[in-house]
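Asker: Single-letter residue listing:
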Amino acid sequence: MSLVINNLHVKIKENNREVLKGVNLNIPDGEIHAIMGPNGTGKSTLVQTLMGSNKYQITDGEIIFNGTKLNNLAVDERARLGLFLGMQYPTEITGVKNSDFIKAAMEATHPNHHLTVLQFLQRFEHCMNFLDIDHHYADRYLNEGFSGGEKKRNEILQMMMLKPRLAMLDEIDSGLDIDALKVVSNGINHMRAKDFSALIITHYDRILHYVTPDVVHVMMDGRVVTSGGPDLASKLEKEGYAKLRDQLGLKIKLVDDE
Amino acid sequence: MTILDQIERYSKANHEPQWLYEKRRVAWQIQKDLKQPRLNNVRPVDWNLNHEQIHWHHQVDFKNYASDEEQKQGIVKMDLLAAASQYSNLMQENLMEKGVMWNQYRFAAQHLACLQSGVFLFIPSNTVCSKPIDLSDILSHGDLEKHILVIVGANSEATLEFKDRATAKEHGHLMVEILLGDNAHVKYYDAAKSQNRKSHRMLYAYLAQNASLKTYVALLNYHDALYNSQINLDGDGSEAEIHIINLGTNVQHQSICTHIINRGSNTRGLIKERGVVDGHARTHCYTNGEIVKGAKDTSSDQISRLLTLSKQSRGEIDPILLIKDNDIVASHAASIGKLDPNQLYYLKSRGLDDQTADSILIRGFLEPLLTHFPDRKMRQSMVDLLEERLDER
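Line by line, the protein sequences give chains A and B.
With the UniProt record's numbering applied, the first sequence corresponds to residues 1 to 258, in that order.
With the UniProt record's numbering applied, the second sequence corresponds to residues 1 to 393, in that order.
To be clear, the hints were calculated from the coordinates, so they are not data collected in a lab.
Only a predicted model underlies this, so the values are computations on that prediction, with no experimental measurement involved.
Incorrect hints may appear among the rest.
What the hints assert, rightly or not - With a straight-line cut-off of 20 Å between C-alpha atoms, the simulated DMTMM-like cross-links for lysine to aspartate or glutamate are: (1) LYS103/A with ASP354/B; (2) LYS103/A with GLU387/B; (3) LYS103/A with GLU367/B; (4) LYS163/A with ASP221/A; (5) LYS13/A with GLU62/A; (6) LYS55/A with ASP340/B; (7) LYS55/A with ASP353/B; (8) LYS103/A with GLU62/A; (9) LYS97/A with GLU52/B; (10) LYS251/A with ASP221/A; (11) LYS97/A with ASP358/B; (12) LYS97/A with ASP384/B; (13) LYS377/B with ASP139/A.
Stated by the list, open to error - Ranges between beta-carbon positions, derived for each pair: (14) ASN129/A with ALA333/B: 51 to 59 Å; (15) GLN122/A with LEU90/B: 45 to 53 Å; (16) TYR89/A with GLU97/B: 27 to 35 Å; (17) ASN189/A with PRO132/B: 48 to 56 Å; (18) ASN15/A with ASN250/B: 54 to 62 Å.
Ideal Cβ positions, reconstructed from N, Cα and C, are used throughout, including at glycine.
Given the sequences, and given the hints that come with them, work out the whole structure.
Answerer: This is the structure:
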């Protein structure tokens, strides 16, 4: 069981710009992978496309998740297959209580696993304690007025409650202080299991000190240009993307090139 | 038999006082020459109702339906037409004389002329009602012209509830008058769920000094509906709030007219409404804050929002401020829009299907107004009503 991406080409619908130019990736069950890469190389586009965002269009290639082709499935169908996207910018929804929302989402993703209200609350409380989230956040409106760090914690809370098969975490570490980073990392490590895999998108190797990835991929200009073990992240941190690019002999202009 | 004859026979059979019969007779004679209200640029739901086939069946009932505890406090809750006999002077002075004038518009004259049944609630001065009072349990919901008159004396406090049971398929008109004495404070909860083919509901209120009225209304009617609420802040220091949520589905056409008039100094008016329009439904909100000349140090605020769910649904908001004085604070806000695609995406990414995501967002949209309802039981009954209507989508 795994996620397999073959030669994925994706363009942004709004401006027809091709962002992914042939991505190949394989994430077996039970593994945690990280994708690093300079700004504007398509990392977020990749996970948004995997989730099924209608802002992007697949022009070529295929996405296979546990034997099911995802290309034409709706967002909610993918979620019910076990995909989860921890968003970079979680949406605020006034009027919808956090706990009500999470309960509805659990019922949608695990229709055969009915929880009583008490069981739900116990598990909810357990996860909130684990992530050091104040209990009154259960009754707050979804992400409304949450700080950046609180929103990220709330994404991890949802992941722990929904128990997806594959969690994609888009810059889950940005905007977190050191304590929050440890809490969020604990949440991810807690999920490690034979039937769980994760794809962590990050700019820095910082989070990878707490969550040790099985594989680190580097994306540049819409492709995975190299993959390696955890040491690849620290190497990047020391030497930067431009040097790696030159070592690989790639002719790519990085967004932040002078 | 002409309608005038029917009115006479009904009035005599119920032993109505002479003044009421005379008023009814004059009202029917002048109604055809009176105008219906005209709203600027608005094509509201038709104000005319069909009075040709009224079932005049009501028998007056002199029982006081207030609870024992309430009766000890001097509270009277009884059949309106019985009250017209029993409290003749009080009724003559107040019935359609202060909240709304019986001879001002055609619908008002027709209403009094053809009045079939109603409820009279009297709360004496210096009385605090500990429990909510249900105004709907002794009403003949199937009648066409129904009237509720509430008089609350000085320094009294009460919470009133109306639970709609109008299941008749024909037209229905309920007019509620609330008259508040000095420093009287009333909250009024109305859950409208009429199945009338055409449902008119009106609330007129008159507030004396330092009185306050807060109305919380859920308009969840099944067919065409006209809601008209007008609160007159006559007494200095009086305050009014109108909170409305509404839902329109199928081919429903709804007009929601709200009007708060600041006449006294230091008065405060607030209108807050949120509505959802689906299918081929049309909802029109006509929101009017009026401050008369000389009403110093007053405020008038209004916030209206409509959510249109389908391509064919239509929402219109006319926010109006008529300001004749300059020592005031007034504001209005209006928005009409669709469900936010980013919010839908977020919900769906957690496995919620289209329909569930829609209804979570719709409930969320109405929730901030629902949370204002302080009584938990009442709030729950509104949520239940809402869910019932939303599930029919």
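Asker: A separate judgement is required for each hint: does it hold in the structure or not?
Answerer: Hints versus structure:
Pair hint LYS103/A plus ASP354/B holds up; C-alpha atoms about 17 Å apart against a cutoff of 20 Å. The hinted pair formed by LYS103/A and GLU387/B meets the criterion: a straight-line CA distance of about 18 Å does not exceed 20 Å. Our distance criterion of 20 Å between C-alpha atoms is met by LYS103/A and GLU367/B, whose separation comes to about 18 Å. Between LYS163/A and ASP221/A the CA atoms are separated by roughly 32 Å; this puts the pair beyond 20 Å, and the hint is violated.
For the suggested pair LYS13/A and GLU62/A, the alpha carbons sit about 18 Å apart, so the restraint of at most 20 Å is met. Restraint check for LYS55/A and ASP340/B: the C-alpha separation of about 14 Å stays at or below 20 Å, so the hint holds. With a C-alpha separation of about 19 Å, the suggested pair LYS55/A and ASP353/B falls inside the 20 Å cut-off, and the hint holds. For the hint linking LYS103/A to GLU62/A, the alpha-carbon distance of about 32 Å lies beyond 20 Å, and the restraint is violated.
As the CA atoms of LYS97/A and GLU52/B are separated by approximately 50 Å, the hinted pair breaks the 20 Å bound. The straight-line distance between the Cα atoms of LYS251/A and ASP221/A is roughly 10 Å, inside the 20 Å bound, and the hint therefore holds. Distance hint between LYS97/A and ASP358/B is fulfilled; the C-alpha atoms sit about 15 Å from each other, no more than 20 Å. For the hint pairing LYS97/A with ASP384/B, the CA-to-CA distance comes to about 17 Å; that is within 20 Å, so the pair holds.
Between LYS377/B and ASP139/A the CA atoms are separated by roughly 19 Å; this keeps the pair inside 20 Å, and the hint holds. Between ASN129/A and ALA333/B, the C-beta spacing of about 41 Å breaks the proposed range 51 to 59 Å. Checked against the hint of 45 to 53 Å, the C-beta distance between GLN122/A and LEU90/B comes to roughly 59 Å, which is inconsistent with it. In this structure, TYR89/A and GLU97/B break the distance hint of 27 to 35 Å, their C-beta atoms being roughly 59 Å apart.
For the pair ASN189/A and PRO132/B, the beta carbons lie near 53 Å from each other, so the given range of 48 to 56 Å is met. Range check, ASN15/A to ASN250/B: about 40 Å between beta-carbon atoms, so the 54 to 62 Å window is missed.
Hint compliance for this structure: hints 4, 8, 9, 14, 15, 16, 18 are not met, and every other hint is.
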